[in-house]
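Just so you know, the sequences run in chain order P, Z, V and Y. Taking my numbering, the leading residue of the first sequence gets 1, the next gets one more, and so forth. Taking my numbering, the leading residue of the second sequence gets 1001, the next gets one more, and so forth. Taking my numbering, the leading residue of the third sequence gets 2001, the next gets one more, and so forth. Taking my numbering, the leading residue of the fourth sequence gets 3001, the next gets one more, and so forth.
Derived pair list, reagent style EDC-like, types lysine to aspartate or glutamate, alpha-carbon separation capped at 20 angstroms:
#1 V:Lys-2233 - P:Glu-610
#2 P:Lys-531 - Y:Asp-3114
#3 P:Lys-590 - V:Glu-2215
#4 P:Lys-345 - Z:Glu-1212
#5 P:Lys-43 - P:Glu-25
For each label pair, taking beta carbons as the anchor points, the in silico distance ranges come out as:
#6 V:Ser-2219 - P:Pro-200: 55 to 61 angstroms
#7 Z:Thr-1166 - P:Ile-432: 21 to 27 angstroms
#8 V:Val-2212 - P:Lys-55: 53 to 59 angstroms
#9 V:Ser-2219 - Z:Asp-1071: 36 to 42 angstroms
#10 Y:Thr-3121 - Z:Pro-1159: 25 to 31 angstroms
#11 V:Lys-2233 - Y:Gly-3071: 32 to 38 angstroms
Partner residues are not named here, just some residues of chain P that face chain V (Cβ under 7 angstroms, in silico):
#12 Ser-592
#13 Cys-594
#14 His-595
#15 Ile-596
#16 Val-598
#17 Gly-599
#18 Leu-600
#19 Ala-630
#20 Ala-631
#21 Ala-633
#22 Ser-634
#23 Gly-635
Since the hints were derived computationally from the structure, they do not count as laboratory data. For glycine and all other residues, C-beta sits at the position ideal for the given N, C-alpha and C.
The lines below spell out each chain.
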Amino acid sequence: MAQEKIGVYVCHCGTNIAGKVDVEEVTRWAAEQPNVAVARNYKYMCSDPGQDLIKQDIKEHGITRAVVAACSPTMHEPTFRKAAADGGLNPYLLQMANIREHCSWVTVDGEAATAKAKRILGAQIHRLPLNEPLDPIEVPVNPNVMVVGGGIAGIEAALKLAQAGKKVYLVERDPSIGGHMAMFDKTFPTLDCAACILTPKMSAAGKEPHIEMLAYSEVTEVEGYVGNFKVKVRKKARYVDIDTCTGCGLCTEACVVRKVPNEFDRGLSKRAAAYIPFPQAVPLRATIDPTRCLTLTGKKCKQPCLTACGPGAIDFDQKDEEIEVEVGAIIVATGFELWDPTPEKRYSYGKLDNVLSSLEFERISNASGPTGGHILCKNGEPPKAVAILHCVGSRDENYQEFCSRVCCMYSLKFAHLIKEHLPECEVYECYIDMRTYGKGYEEFYKRLMNEDVHFIRGRAAEVTDVGLSPTEEGRLVVKVEDTLLGITRRLPVDMVILSSGLAPRSDAKETAQTFGFGCSANGFYLERHPKLEPVSTVTDGIFIAGCCQYPKDIPDTVAQAGAAAAGALALVDNPTVNVEPTISYIDPEKCSGCHICVGLCPHAAIQYNEEKGVAEVITAACKGCGVCVAACASGVPQQRGYLDEQIFAEIEGALAV
Amino acid sequence: MRYLYYPGCSAESTGMAYDISTRALMEKLGVELVELDDWNCCGATSYFSVRELDSFAIAARNLAIAQQQGDEDLCVICNACYTTLAKTNRYMADSPHVREQVQGALKAVGRRYDGTKPVRHIMDVLVNDVGLEAISEKVARRLTGIKVAPYYGCQYSRPIGSFDDTEDPQTMDRFFEALGADVLTDFPAKLKCCGGMMMLTNATGAVRLCHEILKSAEDLGADVIVAACPLCEMNLEGYQPNVNKAYGTHFHIPVMYFTQLAGLALGIDPKQLAIDKQVVSCAPVLAAIPA
Amino acid sequence: MTDKFKFAMYWAGSCGGCEIAVLETKDKILELDANYDVVFWPVAADFKYKDVRAYDDGFIDVCLFNGCIRNSENEEIAHLLRQKSKVLVAFGACATMGGIPGLINETTAAELKELVYTKNPSIDNPEGIYPQEKLEVPEGELELPHLYDTVRTLDQTVAVDYYVPGCPPEAHQIAAVLDVVTAALKGEGELPPKGAVVGVAPKTCCDECKRVKEEKKISGFRRMWEFFPDPEKCLLEQGVVCMGPATRAGCGARCTNVGMPCRGCYGPPEGVVDQGAKMLSTLASIVDAPTPEEIAEITATLPDPVGTFYRFGLASSLLRRAKV
Amino acid sequence: MSDQFEPRLIGFLCRWCSYNGADLAGTSRMKYPPNLVPIKTNCSGRVDPTHIFKAFAEGADGVLIAGCHPGDCHYINGNYRTAGRFPLMKKMLEQLGLEPGRIRLEWVSAAEGDKFARVVTEFTEEVRALGPLGWNTRTPEEQADAGQASSDRVEEAVPA
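Isolated chain P, as found in the complex (with noise of 0.2 angstroms):
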């Protein structure tokens, strides 16, 4: 091996890392160490003075080799690679030495800092004079674009890259977009009609060319990497023919079977077999449900449908169609759950008449709804008390530990319809604390306050029917600890809203397995970076935005749909994309087509040659896990960026110290 000249370049990142590490000692410490040609520090190396000051070795000094020691490679490494690239030096011939994450800020005592500090650099030192010039492997890149999810995150980032000229895929669930503001009447505060805002948009992407809809379809499976996915798509059966059938709704007043719950009505209102979720739903079409229909079920029917449909678009012997598709990217929009409030038994949610979740609620004050818009207990009576319970489920350790950020202020606008449409009814509010950040939230709060409502600083302790006194019988009392006048309360009252948070959805960890990244601890999928990467995950390529990443209200999800979009147009944009070059190759002149890797590699990216009898590594196809060089016996695949005596080194290097 040639003599290497490294540079060692020590990162203060203002008192970041040296408020507890001694750079001067490590500096100089590094200037000792084999192949160290030159060592320093600076205050801040991802500034551009700090970058110069590799550049400019690289020039004076011909270093050969350099290790930044500095933040964690995830951060900062592209930025000091690319400035050994611009000083004329392989980036691959550059590592970082994490000694910020993963040293000054866990370290309690400055000594022992320093002493890891060097452990941390030592190994990276001693890897560097193995470490090969690389270079990135460029794919071309599909210019399509999946969007998974037709609510309105879904909706939005689909408009916005249809109207950067490229083609998007927008897969939906459900038989209609829209998601759950189609199910909203109004939207804090500014008290704008949900359906108002929302359908323009869905007939938008319903109409845009660029915009291929896959209604009531989900997706099965995810191949390929950055630029380059097959997607596989499973098209659920209508039973109607999705381009003959008019959207009339006919088949729907023909159907017998009128008492299936209706989904959109959260349960509050029937459909019939046929349906349409709702009137304003995109595509406007019939779906037939297969799990009630009674032709459907092996049962006798006469099929009325079938006559009443001019058209003829009904179809039963339609079956589950699997497409694959080729996009370059994917932005996963598949948004949230509400938090079912059953398990919370004292609330006796789905034990007692007239205790709703805030989605029933909005259905009922939603003048599409099941009552018409008319807020109403079972019984046809309009509520004289209600009581909102925030926080259920949320911000408790049995279930949520997090605040799902949009209850506070839904349950403000729940009081402010209630006091809208009956002005006599009391609205109680028992909260935690009243959370109200966004913009115009803390003065709907204020003027909530100007509407009568009685706010009740405590979580509500129980939902019960057994009344003490005659203005308690026959009502629900909600047992709460006023916290502010030190008392407990009982509120009589008719109906009980619980504000339950946001939850992820039920399936969200298959499908966040099928996309190819993970969820955080609370089950939201994982973003990249908390701040700086909020709507890529570790999957390049593939984008997430609104609810499915974490709890938030419209604006912030609309804003981060625009935001994954246009991560989505930057990729597709181009003609080409690097991926990283740290992939497997097999030397065929040691392979002696043993035919373990074959079958191990999680990609299929190796196969094996039967003409040459030697296994062969699919450039396009590796992702780079390296499973196959730690499974193979005669140490053949080996991975580039981490061959194995690259790894060796470095363990050397850390215990050297």
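Given the coordinates of chain P, assemble chains Z, V and Y onto it according to the supplied hints.
Just chains Z, V and Y now, with coordinates in the frame of chain P:
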């Protein structure tokens, strides 16, 4: 089937009927109960509130004896005893500090305990070991038509909930369904506080709590409330006059230990079940059970 | 003495199989005789250590050293032969990797003696008599070599010029090695670079094995006496622990081609640092079960991982010996 | 600093989950002992038993492997291979006299900074209690045996 049996202090005084009926019921079911030698106070409520560690040590002495006396599980009837003993096990397992201190205390009286003796509620034994099917087969007089309000009380399933759902226990419901009773499965007050020890220090508050439970049972038309704890039973039954006085009500609801009512269903003579020791007459219940 | 080249062969901690292997070269032996004077070869010629000590340094042209460094005598002679030899060859699995005797590195000399002289069920030794290293007799003190706790390879003891692996090395490979060295000594060819492993092929045993290999997914381990393996199929695929993938080619896959699994005597191929660790990795990777727990259950049925994966190589492995 | 034994630990962290989890412990300013030096690989499935043995042979007192939780592997099932290899490797190391507490496999997701800090703290204390391993140095028995070299390979030839 054989168990070590810890009766607890009430079994010798106010809760005598619970002990008597338990022994009769278990004998009928062919379950042998071997009373724990030289048992002492379980360390319940008052101790726990004031000197937790002492309380663990007191409880652990019983468990140490049990471990020495036999391999059988330790069976307990009182909810408070059950929670205290089980909690001692749990704390000994979770906290090296507690374990060390308790073992030190036991050493001083020449005993050893490793924290692993299984503590079982009598209902746990009945439902999970004896089995509802086996019990159902032995029913002599089905409780058909008897509206039973199952009152679990606080410490039956909380905080540990080892054999039933913490917030929504169901075992007593299933048990009486197996005996043919008309169980009020949605009895909303089934976990409500009975007032407990507060009956002595803050009677107004405790009476208010009893009122809510009794009212809830009456609203549902309960023929009888069944309890699984001597203190609950005493408060709900013995203080009905106080409730009536404070709230102008006219409660006269029979309250029984669940073992008593179960014993009746299995055809045990009421005297052997100490039914005559109840304050509120159980005659209407006895009369209502079909022959 | 003639002006022929000088040849020596020595057995340290070994079984003698390596000398037999040299005889196995058949008429090549005559060539050896034609080109060399044997100046030291305990198994074949009567030379004493004092004769060797009397040689000039570098007197011996080529010395084939077989056997591991098991005791103080082995070590002493290793140093002596290094001093007297121009070319010192670590010959056979024991000299190159420690070999079977290297398995003692799982324990200590004391435990070994205890096992052999008292614990062994067939031993009758009620007085607990152990061999002594020193014994006073009227003629003076008798001394046995000191038995070490740890077996070492030749190159962990003295510098080695070339390696010829195998238990024992294959005759055709020995012949090839002798040809190269003789040619070089005669000035008719070049010696391979120092430290080279000679008499081997670049790939692994699998390359020479005629069995058909396919994707490997095994659901359990089997030993040869438990079943009749398919003679055409890869033994590993049939659940037999075959060290072929972790073993250097050169032997012609003699074992697997006649139905026995490879045991790894030729040592790891180029680029593999630790034969046992690598084979372990391979084997556990190809066990096919739905969960890691089930894989663990299957791999737990391997009774002796160290003895299986380091049958020949424990002394030359990364860890070299057990912690005691 | 006190005289207490400071174990030297190596931690192989997969790039997608555990390395990021360690980063999160840093950005959250959690504190844990400085004994473990992380080595990054793309996937825990890349970690070869040879790497573990190498670490012990170089003087590590304990080795941690940390990867994505089962089912969360960025490479579908790399961590499944890791988990599959681990027990056999552990068995072999135990056969060679290693205390089981010196080697550890943990699943640490990118969101589990707290878990990473806890694992390193626990592991450090556990290995500290076990004392130095010193596989790279001579054992007392070896030292007692005169002439027992501990080096890998004698490189210097005797003059020919």
